[in-house]
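S.K.: Could you slot chain B onto chain A? The hints should help.
There are 2 protein chains.
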Amino acid sequence: MKAAGGYKVAIVGATGLVGEEMRAVLQERRFPVRELKLRASSRAAGRALSWGDRQVEVETLISDSFTGVDIALFSAGSGVSLDYAPAARDAGAVSIDNSSAWRMDPDVPLVVPEVNPGALADHGGIIANPNCSTIQLVMALKPLHDLWKMKRVVISTYQAVSGTGREAVDELLEQTRDILADRAPRADIYAHPIAFNLFPHIDVFQDSGYSKEEIKMIAETRKIMGLPQLRITATAARVPVVTGHSESVNIEFEREIDLAQARQVLADSPGITLLDDPKTDSYPTPLAAAGTDSTYIGRLRRDESVENGLNLWVVADNLRKGAALNAVQIAEGLVDRDWLR
Amino acid sequence: MKAAGGYKVAIVGATGLVGEEMRAVLQERRFPVRELKLRASSRAAGRALSWGDRQVEVETLISDSFTGVDIALFSAGSGVSLDYAPAARDAGAVSIDNSSAWRMDPDVPLVVPEVNPGALADHGGIIANPNCSTIQLVMALKPLHDLWKMKRVVISTYQAVSGTGREAVDELLEQTRDILADRAPRADIYAHPIAFNLFPHIDVFQDSGYSKEEIKMIAETRKIMGLPQLRITATAARVPVVTGHSESVNIEFEREIDLAQARQVLADSPGITLLDDPKTDSYPTPLAAAGTDSTYIGRLRRDESVENGLNLWVVADNLRKGAALNAVQIAEGLVDRDWLR
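Protein chains in written order, with this note's numbering: chain A, 1 to 341; chain B, 1 to 341.
Next comes chain A alone, as it looks inside the complex:
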């Protein structure tokens, strides 16, 4: 369905950090929006948010919210997605869902457009946007896997608080002010203060000892890359950074590697910016990545502890490439290929 006048797009969770970023990205990329609907819980409804030179009122999400909608961008948590994405589908919309609700459903494509755009073809009305830390990881892994075939991956993450949402950003800033003023910081959102601190705890822990975040990274990477047996392990940590996830990535390859070739291939890959001249202080950092669209890669070096080993450092804005941008890129992919329903 190509719509000459553009598409009716709904953002569900419009007042959240990712919802806001979705609105910004749609506008920046001039996505052909004919009509924009902003949806949120009744608590947030009634507010007016800017859309170009107009204001759009946020409306309460109800099951009738999807009448006439072509594309629904969801970022309001798993519960909302589970409840409402089927309603959107029944109303004829394609849902692009930023929650974890549908990601591992075998009938739902899990897509990073630079990595597995073909997976979009088979969608049945719901497409899952991967976890923020997974998106930037597969952006880095894919070009290198195509070169030398991955054997094993070991990741440690340094994840920003905006991944949790606006309350977590507020808590970081509030705790920071408290500590600077010698007041005891109060932790509501996280189990421990995050200001001037960090912890290996993102999402809830499973019996295996892994956090759900770590399990998501492992499972989603395998699904996106079509490598169900990929040997991969992860440790996910929250750090006192507002926006921008960083990842220390160690990869063992099947075939002989070449650093110059890795740099060339990564630099030539769409969506990737190579920042790899450490002697001139050039490497990715979250503060520099925040507010931008690239996945930044640097610190490429041989890991001499294993044959064909490579260490690298990957940073991206978790709200943009890690969430809103990737979702809008999925929508663009659907429109370009005429894969809306």
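By construction, these hints were calculated from the structure, which means they are not laboratory data.
Treat the numbers as computed from the prediction; the structure is a model and nothing was measured.
Glycine included, C-beta positions come from ideal geometry on N, C-alpha and C.
Keep in mind that a hint or two might mislead.
To be verified - Looking from chain B toward chain A, a few residues come up when the C-beta cut is under 7 Å (computed):
hint: 1; residue: Val154
hint: 2; residue: Ser156
hint: 3; residue: His192
hint: 4; residue: Phe205
hint: 5; residue: Gly209
hint: 6; residue: Pro240
hint: 7; residue: Val241
hint: 8; residue: Val242
hint: 9; residue: Leu287
hint: 10; residue: Asp303
hint: 11; residue: Trp313
M.R.: Structure of chain B alone, referenced to chain A:
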């Protein structure tokens, strides 16, 4: 030489963060100090620092500073250690050096008392205190290596700014205030702002692409553990934490592992506190570790991506176990074994 009245101890670099901590640790542990000499650059000389209920004046470091000194604790940078530790040795003192100057000298023992106390026996008047990030790492590795023999280790660090010194702590706090007040942060100590940011850059970069910090961790771990061929790689990152280094450690063992046994052996190891009940939010964090003496270990779980793989999380106060405490423990080891000269 057992001295009934105690020992004449000099702290070189007495006004630095580690020098201050050395003074505190000597006192807390009731190290038998007969006389305390505090030495620093001429810039810091003249200040009086507390020692029990007395004040001790900081004197300028000169080559004659070691007359009659039994133990000299150095923490004033590699240049000072290279210049003055030989003078201290010639004057009959044993130097315990916190800089990197002597660590890889084959004639100088590099010691973590819980790990390789026997190496103290052969000292020739200079003993090196390992790098902060190395000390807590080998504290965790040794008991596990003794159980199952390590095959390969992959580490990513999350290192606090107090490892750099007082100016870096001030810079973090100043930049934090600037960012909270919407002022542009100014970076003098580091190449990039560290407040609400982080970077994979500690110490200078070598042609291999590794930072000196990463190389130190690799080389010092091999030396301390007596495993010159140990397969080990590291990524070292600086994070906006004041005190307390964290490490994500991935280990592959030769023999079959058992999580319950690992927990038991670690919990029973001197100097280690096991904090490993993630479902009740129990795991090591730097804010909780700061100001304490233990090496904290948690998040133990099988790495299913490799045979006999284990992930864990290690945190310690980089100024205490990572520097001052370990140095004083070395001094205690010398005294206990009558290994002073």
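S.K.: Now look at each hint and say whether the structure bears it out.
M.R.: So, going through the hints one by one against the coordinates:
Because the beta carbon of Val154(B) sits about 5 Å from the nearest beta carbon in chain A, less than 7 Å, this interface hint is met. At about 4 Å, the closest approach between the beta carbon of Ser156(B) and any beta carbon in chain A falls short of 7 Å, and the interface hint on this residue holds. Nearest Cβ of chain A to the Cβ of His192(B): about 6 Å, under the 7 Å cut. The hint holds. Taken as an interface hint, Phe205(B) checks out: its beta carbon lies about 4 Å from the nearest beta carbon of chain A, inside 7 Å.
Evaluation of the Gly209(B) hint against chain A yields a held restraint, the C-beta minimum of about 3 Å falling below 7 Å. The closest approach between the C-beta of Pro240(B) and any C-beta of chain A is roughly 5 Å, which is under the 7 Å cut-off, so the hint is satisfied. Of the supplied interface hints, the one on Val241(B) holds, with its beta-carbon coming within about 6 Å of a beta-carbon of chain A, less than 7 Å. Taking 7 Å as the C-beta contact cut-off toward chain A, the hint placing Val242(B) at the interface holds, the least distance being around 5 Å.
For Leu287(B), the shortest C-beta to C-beta distance to chain A is roughly 4 Å, which falls under 7 Å, so the interface hint holds. The interface hint given for Asp303(B) holds, since its Cβ lies 4 Å from the closest Cβ of chain A, which is under the 7 Å cut-off. Proximity of Trp313(B) to chain A holds as hinted, the smallest CB-CB distance being about 5 Å (cut-off 7 Å).
Hint compliance for this structure: no hint is broken.
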